[in-house]
Structures are given as C-alpha cells and as structure tokens.
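Undergrad: What follows is the residue order along each chain.
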Amino acid sequence: MTAAAAALRRELIGLGGIVERNIYLTKRYFLWDVAFMVWTIANTLTIVFIARAVHVSPARENVLATQLLVGAVIWAFLGIIFEFLTETVAWERWEGTIEYTFMAPLSRSMHLGGMGVFAVLYGMIRATILFFVVAAFIGIHMPDANYGAALALLTIASISFIGVGMMTSVLPLISPEKGAQLGFVAQGLMLVVSGVYYPVTVMPHWMQWVAKVSPATYALRGIRASIVHGAGVAWADVWPLLVIAVAAIPLGLAIFNRGERYAKQHGKLKRSG
Amino acid sequence: MSTSASPIAGSTSIRGDVPAVEVHDLTKVFRRRDKRAGRFVRRKRMPALKNVSFTIERGECVAILGQNGSGKSTLVRLLSTLLLDDGGEARIFGYDAFRETRAIRRLVNRVSVEASFFKKMSARENLSYAARFYGMPPSVTRREIPAILEKVGFPSDRQGEPMENLSRGMQQKVALARALLTSPVLLLLDEPTTGLDPRSKLEVQEFIKDVRASHDATILLCTHDMAEAESLADRVGLLDRGELLFLEPVADVKRRYGVETLEQAFFAATGRVFEAEHNDEDDEYREVFA
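So the sequence lines, in the order shown, correspond to chains A and B.
Be aware that the first sequence starts at 1, since it is given in the numbering used here, and climbs by one per residue.
Be aware that the second sequence starts at 1, since it is given in the numbering used here, and climbs by one per residue.
The hints are all genuine.
Among the chain A residues that face chain B by a calculated CB cut under 10 Å, a handful are:
hint	residue
1	Ala6
2	Ala7
3	Gly16
4	Tyr24
5	Arg28
6	Tyr29
7	Ile98
8	Glu99
9	Met103
10	Pro105
11	Leu106
12	His111
13	Arg261
14	Lys264
15	Lys270
16	Arg271
Please keep in mind that the hints were generated in silico from the structure rather than gathered at the bench.
Ideal placement from N, C-alpha and C gives every residue a C-beta, glycine not left out.
I would like the entire structure built from these sequences, with the hints used as guidance.
TA: As structure tokens, then:
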C-alpha cells in the first residue's frame, strides 16, 4: 500500500469512528430519540393541518398539504444536520472529551465529514418516518410521487447542507455560551429565505436574491415537484446544488480551521467545568 | 540519523538523534476580562508560562511539580497541540509542536486529571471510538481493547457498562488504557492520580512504572504530589507562577537547597509553603489556567 493510500485508509477509519460513536450514542439515548420524534410529528401536524383550514377544492387542499409537509420535513431534516454539526464541539465540550478529540491525528475534514455523514443518514431515517406518518395521519394522497427523485435531490442537497453546517459548527468553539444558538439562527434564516412553506416569489425582492444562494431553495423546489407532480431529478435544481456544495465545503472547512486557530490562541479549546 | 516508528505512529518517523522534548523560552499569555475595570471591558494580560526552557531525553520520565495555577496544564496543552504559543519554541522528536501538529499527534497521547469520556458509552465503546482516530480498524481493536483493559486491571465483566456507573479510579484506568492503546512515544500525564482513593492512586502509579519498564515511552508527569514525583521521575522540575525554577534529579535539588524534602526545596525556592497559600491573585491564576 502506498503512503497516500495508507494515510487515506487511516482517515477513513477515523471518519468511520465518528459514525460509530454516534451510533453508540443513538442506541444509548434511544428513548430520547423516540420522544423527540413524537414532538417532531406533533409539530409537523400543526403545520400541515393549516391546509385543512383553507377552503379550496379537495384536490387543491391535498396539494397544499403535500407542499406544507415537504417544507416541514425538510425543516426537520436540516435541523438534524445543523444540530449534529453545530454540536460537534458542544457535545465534546460537555462530555469533556474535546481535548482528546482535537489532539488526535484526524483531519478536521474527516472529523466534520463523519458528523455530516451520520447526520445525513440519521436525518433521512427520521425524515422518512416523519413524512409517511404525517401523510397517513392527515390522509394525503400522493399517487404520482417520485420518491426516488426526491431522495436523490435530498442526497445531493445534503452535501451543501453539510458545508453550511461546517460554517456554523465553529460557533460553539468561539463562543461556548452562545455558539450553538447562533447555529440554529443560521438554520432558521436559511429556511425563511428558501420558501419553506410558501413560494419564494411572495418574499421581498432582496430576499429572493438571497434565496438564489441557499441550497434549501433548490432542494425544496425539486422535492416538491417530485412528490406532487412526479417529476424526475431536474438539472435546473441539481447544478446550483452542486455549485453551492463545491463552494460551501471548502469554505466551511476554512472557516472552521480559522475558528480552531482562534480557540487555540485564546485557550478556548477545553472542556467545560 | 537513525529513525524508528511505533505501530500507530504510521508515517511519522521518529528521529533517534534528537531529544524527545525540547522547549526553549516558551511563553503563553492569556487575556482575561479585568474584573476591576468596572463597566468598561478591559482585557488583562495573564502570563501562564514565562520563557520556560527544558529538554527531556528519549525514555526519560520527568515530573513537573507546581501548585494549582502554576502553568502545568498550560504546558501539557501546548505540547498536546491544543494551544498556540506566544513566543519561544517547542519540539517533540524534532517536530515543531505548533506547525507540524499532524506529525506530533501520532506520537503523543495524554491522561489528564479528569478521565473525560462519553458517560453513556461503555469503556470498550469509548476506547474503540478513540482508537479509530489513530487509524486502528475494528479487526485490531476487537483484539487490543480487552487485552489492554485487562493489563490496567479493569474487570472484564464491566467492559460493557456505561462509564457513568464506574468509580473515578476505574475511569482513570480506562483513561490510561486509552492513552496506551495508541502506543504513544510521548505520554503526557497531567495530574493522573489527583482525587483518587489511596488504593487506586497506588495502582495507577504502579501501572506508570510498568509502562516505563515495558514501553519505549517518554513520560512528562505534571503533578502537585511531591511523593509521586519523587517515586516515578528521573528528574523533577518546579513550575511556579509560569516560571520553571529548576529541573534536575531529586538528589541534586535537595543538595542545591541544602534540604531533606521537596516541600522544603519548594519553600527555599519560592519563599512560600507548598499548597498552604491562598489569596485573590491566586484565585485569578487558577481561573486562567484551569
């Protein structure tokens, strides 16, 4: 094995270690996960029931409910990714393992990448359960849905989401007290400008411009088209997602490395208490 | 130039013709909000290490003594690549501790005063997770983890229990196992026995002696336990308020100050009694360097 291949193997084992740890923790906190799932379902129902209150034809009501459901599921999915990445530092600091993790010979790209990979897998399982439970509860009919295309778009969008999540994951490193909350602010702002429950066209002009650089805009548009109209994976949605991903991942890593350097200079890379 | 490599060190080669640790004029300054500045935010410079210089040869065990807030943990964190310096230099097996961090991280591991684990995870799971960062695949850790836990005297029937159910002594044994699992050539021990009951303390100390005898490891032990330093280390240093006052064999220290104990040597070197002092300034130091 060449030196480069051996180094890559070590890095991938490290990435696997992050995924493995999160699987252990998910198993240990399983009941907490069940409770969180129930809360998410209840929260999503409060949004999707809005479609029932609008006096339109049953067919239009079904489409509206589906659109709201897609928005709520993407919100929940993005919430998982941001939560996992933003808490990369916060969890370790709280458990006291932060110094051991950050002095280990694992590149930060694999460290954050491992968190991102687990978040996407975990988020997709939760999003699937959420989607079908709420659809069954409300009685939404999706005879034309192209689930394969929706899943493909969500996977492509996830790369950009991980990149943006990497940018926010540095916040708890710089500000142990407020960092995690600022990550959730970033998530909320991204969804507001991306048309989470409404078309982007209803927003002020300047917000529509901001929507163009948000990966959630294209994910929501493409997934809604797949679920409601049975559309395939549209290149018009894919290429912006790929462009944003190519920019967001290196930018996210660069921002994190800068933040880590700041934390090392100021003695903030340490456990709480 | 001769080189060798530990199994985990992987691509990081270890030069045989350089000291394990070389520190020259190492300085670290923290800036903290000045509590006496009133409503205006003013930052006060708090020097944690002041021009510290020393060398540790390969295979040596060196103890750095110091009270809380003396800068011991800052020194360990600098050598662990967790802090950036504000002057001077530090080299580990010839690698720059602040610029060649990837190489150094393969060579160093540590045990600190707090065992620091994911509390809901078991000893086996915590070790497995930590070992992956050093490139150890499941096929290796399945074999190595039970073996190393047995070696540190950890009961095999408790390896699957969450860490939160274990005593501090047990947790510290797992911490030692975690550090040794990656076969470090430099082991940084930051008060590894503080807070342990006498029996656990003795067990950990015995294990450190065993590591010295059986592994090709250099050890830097930071402690405020003078008896521990005297029993484990080849040379003993005293760090006081960020300054390294001496670093030499215990017999030389006693001869230099004309005293019989390290406590007396501390008093002779600083004019203060070890551990007995307490004032507001010390509290400030403790807050900065904790």
